[in-house]
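Visitor: These are the residues of each chain, in order.
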Amino acid sequence: MTDVIHSNPVGDSEPSGASPSGSGTTVDTRAGGLPDRFDNPGLPEHRPRMADIDVAAARRAERQVAICFALSAVGSIVTIVGYFLVRLAEPTAAELRTSNTLIGLGLFLTLFGIGVGAVHWAKTLMPDHEQIELRHAVESTPEVKADAADIVTVGIDESGIRRRPLILASLGGALAIAPLPAILLLKDTGPNPGNSLRTSLWEEGVRLVRDPDKTPILASDIEVGSIVHILPEGLVVGGEFSYLEEKAKAAAIVLRLEVEEVAEAARPDSYSGLVAYSKVCTHMGCSVALYEQSTQTLLCPCHQSSFDVLDNCRVTFGPADRPLPQLPIGVDADGYLVATGGLKGTPGPSFWELG
Amino acid sequence: MTTTAAAPRAGAPQTTIDKLADFADSRLGAAQIIKGSARKIFPDHWSFMLGEVALYSFVILLLSGVFLTFFYVPSATLIEYDGVYEPLRGQYISEAYASTVDLSWGVRGGLLMRQIHHWAALIFVAATIVHMARVFFTGAFRKPRELNWVIGVLLALLAVFEGFAGYSLPDDLLSGTGLRIASAIILAIPIIGSYMSFWVFGGEFPGEAFIPRLYTIHVLLLPAIMLALIAGHLFLVVLHKHTQYPGPGRTNQNVVGYPLLPVYAAKAGGFFFIVFGVIAFMAATIQINPIWLFGGYDPSPISAGSQPDWYMGFLDGSVRMTPGLLEWSIGGYTLSNNILIPALVLPGLLTGVLVAYPWIEQWATGDRGEHHLLDRPRNAPTRTGLGVMGLVFYGILWANGGNDVIATHLALSINDITNATRVALFVVPPIAFIVTKRICLGLQRRDRERVLHGKETGEVFRLDNGEVLERHAPLSAEERWLLVQHDGYTPIEAGPAVDANGVRRPGTALQGVRRRLSNFYFGDSVLPVTPAELAAAHAVHQGHEAIEATDDVQHNRPAITSDH
Numbered sequence: 106m107t108d109v110i111h112s113n114p115v116g117d118s119e120p121s122g123a124s125p126s127g128s129g130t131t132v133d134t135r136a137g138g139l140p141d142r143f144d145n146p147g148l149p150e151h152r153p154r155m156a157d158i159d160v161a162a163a164r165r166a167e168r169q170v171a172i173c174f175a176l177s178a179v180g181s182i183v184t185i186v187g188y189f190l191v192r193l194a195e196p197t198a199a200e201l202r203t204s205n206t207l208i209g210l211g212l213f214l215t216l217f218g219i220g221v222g223a224v225h226w227a228k229t230l231m232p233d234h235e236q237i238e239l240r241h242a243v244e245s246t247p248e249v250k251a252d253a254a255d256i257v258t259v260g261i262d263e264s265g266i267r268r269r270p271l272i273l274a275s276l277g278g279a280l281a282i283a284p285l286p287a288i289l290l291l292k293d294t295g296p297n298p299g300n301s302l303r304t305s306l307w308e309e310g311v312r313l314v315r316d317p318d319k320t321p322i323l324a325s326d327i328e329v330g331s332i333v334h335i336l337p338e339g340l341v342v343g344g345e346f347s348y349l350e351e352k353a354k355a356a357a358i359v360l361r362l363e364v365e366e367v368a369e370a371a372r373p374d375s376y377s378g379l380v381a382y383s384k385v386c387t388h389m390g391c392s393v394a395l396y397e398q399s400t401q402t403l404l405c406p407c408h409q410s411s412f413d414v415l416d417n418c419r420v421t422f423g424p425a426d427r428p429l430p431q432l433p434i435g436v437d438a439d440g441y442l443v444a445t446g447g448l449k450g451t452p453g454p455s456f457w458e459l460g
Numbered sequence: 003m004t005t006t007a008a009a010p011r012a013g014a015p016q017t018t019i020d021k022l023a024d025f026a027d028s029r030l031g032a033a034q035i036i037k038g039s040a041r042k043i044f045p046d047h048w049s050f051m052l053g054e055v056a057l058y059s060f061v062i063l064l065l066s067g068v069f070l071t072f073f074y075v076p077s078a079t080l081i082e083y084d085g086v087y088e089p090l091r092g093q094y095i096s097e098a099y100a101s102t103v104d105l106s107w108g109v110r111g112g113l114l115m116r117q118i119h120h121w122a123a124l125i126f127v128a129a130t131i132v133h134m135a136r137v138f139f140t141g142a143f144r145k146p147r148e149l150n151w152v153i154g155v156l157l158a159l160l161a162v163f164e165g166f167a168g169y170s171l172p173d174d175l176l177s178g179t180g181l182r183i184a185s186a187i188i189l190a191i192p193i194i195g196s197y198m199s200f201w202v203f204g205g206e207f208p209g210e211a212f213i214p215r216l217y218t219i220h221v222l223l224l225p226a227i228m229l230a231l232i233a234g235h236l237f238l239v240v241l242h243k244h245t246q247y248p249g250p251g252r253t254n255q256n257v258v259g260y261p262l263l264p265v266y267a268a269k270a271g272g273f274f275f276i277v278f279g280v281i282a283f284m285a286a287t288i289q290i291n292p293i294w295l296f297g298g299y300d301p302s303p304i305s306a307g308s309q310p311d312w313y314m315g316f317l318d319g320s321v322r323m324t325p326g327l328l329e330w331s332i333g334g335y336t337l338s339n340n341i342l343i344p345a346l347v348l349p350g351l352l353t354g355v356l357v358a359y360p361w362i363e364q365w366a367t368g369d370r371g372e373h374h375l376l377d378r379p380r381n382a383p384t385r386t387g388l389g390v391m392g393l394v395f396y397g398i399l400w401a402n403g404g405n406d407v408i409a410t411h412l413a414l415s416i417n418d419i420t421n422a423t424r425v426a427l428f429v430v431p432p433i434a435f436i437v438t439k440r441i442c443l444g445l446q447r448r449d450r451e452r453v454l455h456g457k458e459t460g461e462v463f464r465l466d467n468g469e470v471l472e473r474h475a476p477l478s479a480e481e482r483w484l485l486v487q488h489d490g491y492t493p494i495e496a497g498p499a500v501d502a503n504g505v506r507r508p509g510t511a512l513q514g515v516r517r518r519l520s521n522f523y524f525g526d527s528v529l530p531v532t533p534a535e536l537a538a539a540h541a542v543h544q545g546h547e548a549i550e551a552t553d554d555v556q557h558n559r560p561a562i563t564s565d566h
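Chains A and B are the protein sequences, given in the same order.
Convert by adding 105 to the 1-based position in the first sequence; the result is the number in my numbering.
Convert by adding 2 to the 1-based position in the second sequence; the result is the number in my numbering.
Since the hints were derived computationally from the structure, they do not count as laboratory data.
A quick note: this is a predicted structure, and the numbers were derived from the prediction, not measured.
Don't take each hint at face value.
[What the hints assert, rightly or not] Listed next, the stretches of chain A that the computed footprint assigns to chain B, with coverage defined by at least 3 CB atoms under 8 Å from CB atoms of chain B:
(1) 191-204
(2) 233-246
(3) 285-298
(4) 452-460
[Said to hold, decoys possible] When the alpha-carbon atoms are kept at most 25 Å apart in a straight line, the in silico SDA-like pairs for lysine to any residue are as follows:
(5) K449/A x P373/A
(6) K228/A x A40/B
(7) K243/B x A233/B
(8) K250/A x E472/B
(9) K37/B x I237/A
Each residue gets a CB set at the ideal place from its N, CA and C atoms; glycine is no exception.
I would like the entire structure built from these sequences, with the hints used as guidance.
Guide: Below you can see the structure in the form of structure tokens.
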């Protein structure tokens, strides 16, 4: 059905079935005595290189190769010297750089010298007469195919698997069940999630402390337009809670707006213009830590989801879908900021059971 | 040495080399192996070195990686740092991060090895992908090499995973943020996502289980699979013999080039050292991933302008591009299409299309023959157009992975850039296809023109009647051969929709699809000049009138029909 115009193989072709059409049809359609295709003119004449005809040139090439190999040896010495010259006991940045550069450049010379020498040797001094090797079709001959098919048939017959369907059925069943235990064993690589993806350390009465210095915050410490990164009090390395795991859910920010700027929905959980939000991105969990005061936008540096602080951290652009959950806040008896409840939503990335 | 080994026991081995040869042959059959392969012919072309660069980078990764394992501690346990790098002392960081900082600052050559490893990884993935592009654009994936193409696609995919795994092991702020994103992708998987995430991380993210697990995957599981695939890849190269570019003397039935011993032993062996040398030079002079500046992983802080390694960029870009409104809440469950589509479906589809491509094209050509001569990209205009379309599609995703950096450097709105790439992703690749295909067809027509009319000489002369003409010199047989050697394809023709008895033939709908596909590929093909056309052109030339190298010509040529 397709018109395939064959290449004309040159004289050394073999009838291997490797013609472009595969079916091996060679149609001799000649118009006016002319062949259908041009003939392959064959390998062009070999042109000798300088080193092939000029003894001096060959000797020069030999010297160049030897110089390359000698430079490699020099490189090895540079590396060894560099190793002993700079000791890295409490190094300064300059010492580290010197050590890295000396050892590295030495290694470069070692390797590059060998490489360039070998390639130059091959290109200038080794024979460059192009040689021809014939291809053989990958496909086997019909006889070999028939033999192979017979062997497989005999093997299957001798196993008796066709005559004894019970064996085949039971083996199939066993093989189908066999992977289950293996998969089951993998189940203990971790616990079930339970409710832990929805919860965080924030709850009523937990103080807001600064991240990273863990000091409590007076409401008056925060001015309009400034932002403070916060953690729940009591979250410390080696403390009763797993540190990074809880931090990955509880990291938050608190910032102060003009009281009248606070969105209607956020107002009940704010405290005199102070509003707090989870800073764990509802897209993929990065830290939404870039605050642009002029547009009152929180921006996630990973995928640029933008959240509008004046609109209860609704998504205004980017791949996130859910707003950042608000953290309800108030002050305790000492005037320090405390959570007045848990986060008003699930912090971090969405998951199937989220709903 | 081979002669002695080939005729053992003919006389007692004389020299030490003879004895060694005899030892090897009588135990390994070495003589037969040497006889069969040591003078094997390989064709020469610079583009064949791209795969070599990938292979050698992989070897360099194995070597430098082993060195790193001697010092790296795969543990996410937090410790109070007390190592050689003063600014971090007293901070709580993971043992993985601490050991990576210490091997960079306190081990001579440690930083160099880390930088060699990282540069080699970037070059490995880059060389793999450029090598793939070379194979694609020259049609080297055609029969009998389709399976080797599939192995190559799998290797490229694994290379990206392996790179990401390695990049995540230092457990610094940047790589930990990358893992946070990986955990979110797992969480987004419908039904089992949250369970899978807890299994993978051994509980809540980040946990202490993941770093050691990732280490095993990075140094054992993935390298072993990749090594096996590479072995298979190379075995098939030897089995099929290397493809070669067309040229005088080169046919579909031969390989023209130089023997393995000594030429390629020296050239390819030397090239390994050159690649290693260049990577060592980069590691010595160009800083990469200075993790001590980033700090250990902590979910709270983050740096602006966070960028993953380049090969993750296209995924990052596709995730950045996808609007959040694709996250759906259905019947009490959440389907995070805003993550699933760009991070899992898209790369899955790309891989699927790449794997299937050789058979798609084969279906369109109906050509089931073996192909050992490479195509000049212009001679496969549709394929070349599709390839460029794919690269442009990939490039737009990749560019959007740096939309924040572009925005800050060019003082543009990041939302505008993102919106622009959202549109460009669907508009620009088809344009790239059309433009590329037209360029290819134009080049093919120019080739025809050159064959029919010869080369321009710049010599202008005037006839008695006043007509001014330029003298054209005929091409030599060698010059002409390159322009006429390729196979021309025309679209598959439809068989009758009903058979001789008027019964509708089965599978006609599918054949219709096939016909349309074939027409898409070859509907406007430009066929190579035939000797008859050249003779006709010469005859006309006697009267100094040009014959146009247009499509009309192809219809006058004798049709050759084969039965498939």
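Visitor: Tell me, in ascending order, the numbers of any earlier hints that this structure violates.
Guide: 8
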